[in-house]
Amino acid sequence: MTMTTTRSSYGPLMLKGMLATVLLVLILPLVPYVFAVNTDASSPAAASVPNPGADLWRAVRQRDSITAGISQVKGVETGVLINPSGKAWLEFRKEKLIPYSAYVFAGIASALLLYFLLHGRIRIKEGRSGVLVPRYSRYERWVHWIMVVVFMALALTGVILLYGRFVLIPLLGPEGFHVTAQLSKWLHDIMGPIFIISLLFMAFSFFREALFNFKVDGNWLLHAGGYLGGKHPSSGKINAGQKGWYWAVVFGGLALIGSGLVMYFPNFQQGREIMQDANMIHGLAAVFVIAFMFIHIYLASVGMEGSLECMTSGNCDENWAEEQHDLWYEEMKEEGRIGIPSNREQ
Amino acid sequence: MAAMKFYCDAERCIECNGCVTACKNVNEVPWGVNRRRVVTIKDGEPGERSLSVACMHCADAPCAAVCPVDCFYTTDDGIVLHDKDICIGCGYCFYACPFGAPQFPTDGAFASRGKMDKCTFCAGGPLEDNSSEEFRKYGSNRIAEGKLPACAEMCATKALLAGDADMVSEIYRKRVVNRAQAALGKGVQLRNRNFGSKVDMKGKATN
Chain S
1 MTMTTTRSSY
11 GPLMLKGMLA
21 TVLLVLILPL
31 VPYVFAVNTD
41 ASSPAAASVP
51 NPGADLWRAV
61 RQRDSITAGI
71 SQVKGVETGV
81 LINPSGKAWL
91 EFRKEKLIPY
101 SAYVFAGIAS
111 ALLLYFLLHG
121 RIRIKEGRSG
131 VLVPRYSRYE
141 RWVHWIMVVV
151 FMALALTGVI
161 LLYGRFVLIP
171 LLGPEGFHVT
181 AQLSKWLHDI
191 MGPIFIISLL
201 FMAFSFFREA
211 LFNFKVDGNW
221 LLHAGGYLGG
231 KHPSSGKINA
241 GQKGWYWAVV
251 FGGLALIGSG
261 LVMYFPNFQQ
271 GREIMQDANM
281 IHGLAAVFVI
291 AFMFIHIYLA
301 SVGMEGSLEC
311 MTSGNCDENW
321 AEEQHDLWYE
331 EMKEEGRIGI
341 PSNREQ
Chain H
347 MAAMKFYCDA
357 ERCIECNGCV
367 TACKNVNEVP
377 WGVNRRRVVT
387 IKDGEPGERS
397 LSVACMHCAD
407 APCAAVCPVD
417 CFYTTDDGIV
427 LHDKDICIGC
437 GYCFYACPFG
447 APQFPTDGAF
457 ASRGKMDKCT
467 FCAGGPLEDN
477 SSEEFRKYGS
487 NRIAEGKLPA
497 CAEMCATKAL
507 LAGDADMVSE
517 IYRKRVVNRA
527 QAALGKGVQL
537 RNRNFGSKVD
547 MKGKATN
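Protein chains in written order, with this note's numbering: chain S, 1 to 346; chain H, 347 to 553.
Please note that the accuracy of each hint is not assured.
Covered by chain S, according to a simulated footprint, are these stretches of chain H (three or more residues, beta-carbon under 8 Å) [as the list claims (entries may be wrong)]:
no.: 1; stretch: 350-359
no.: 2; stretch: 381-391
no.: 3; stretch: 409-417
no.: 4; stretch: 438-446
no.: 5; stretch: 488-501
These aren't lab readings, by the way, just hints derived from the structure by calculation. All figures in this text were calculated on a predicted structure; none of them were measured in a lab. Built from N, CA and C at the ideal position, the CB exists for glycine as well.
Build the full structure now, drawing on both the sequences and the hints.
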């Protein structure tokens, strides 16, 4: 009992500090990028000298699109004289993916910060009862936390490779960033296959509770999870928002795995265009899942009292269960599982 | 400021692959890496033409624009080079390049990419000129010795020209004029004699 009082008196301050630190770390690196994005590296002096081959290559491209022939050099697309498809991919990455993903991340992070500053933490209305309800088994928690490590490693290294040139090179210098980027690339390559296994476990472990129940989840979505209309709508073991997160991870993850494998194995004769498309899908899916992850992390930690402990200890408070997941709470009550902590259950 | 460029004369190239061999020999590139290749379209059909392709040393290079570690730089001669000590082997330059110039030696398991290798216009890299380390990483630095790229110097028909863009253009311009004179003398229409002609180059490309 003493332990709980100590924690609750220091908790809010510590959590606010943690939140502020995390958000600052996420937003600050994006700031110099806003200034760096519009500078163009091409020098007008070099461009002013006409390329003697310009007319020839224009002629090659205009020859009824026949740019493929044969070459004694064997390899992927070695018979292709010119393939200008890279321009569209380059422009997408430089002018759309990089700036807009930064806006999305910064926007969601600041929206969450604003909400937290205005409304604060969502408290357990009745206070803690002290009675525990088992919520996630040891196995489910392992599946979750392994996924956390793998996903965070992939997200962080991916984001470093996406923004690094604009954000980290000015800070670390080219040689310094090379080390970061090389490590990021290796880690991304190593974690990718582990993510496949991790996602499979994740998808199977939480599949049943993530299936949509149209009546309950429709009502939950209609009330936006209680943010609109005051009263908290009913929900099963996990609510519609959490189910959305599950499916975002599963489908986003599958898109990431599929597109990642295309780029990971360049030895299956796939050409540039397939790899460009794979890279586009990879970037879009990653931005989508990472943006969703911000909300998940917020609500599962500082945003709501009593939610983080479900995944750490495996148990939640009885009053929290009744307020947040009433239908599941009723089920647990009927089964007589209230008050038996997860660890002692097995 | 000079701008070094290649130009391959499709009327002269006979697909002997001498440039490819010269490049491999002079730069001792790893197995599987081809900095230069000769592409033949309509092989064995009327209107067959060959072109030798390597890095074009673009003024506004897409590889440099997309590189996540910014390892490319343009020399005072307008040659696009890259720093292998910075390159991480991500392959983005290969996606972006229209000419298929960036090459990747396989490095480690699963055919993963090593550091990118491409035509340097025989100008080495950012290391000390003609040092053994520079040769090992980037091949020979003929530009530092006052020589032109080996591929162009070895070209038997002088189809492949390399050098300052203005000088290369001047040489090619003279050739075009001479050809036009010869063609008109024989009564052949000029447009039938050039690479962009569509008259006698119909039919599908051979693969």
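Those earlier numbered hints the structure runs against, lowest number first: 5
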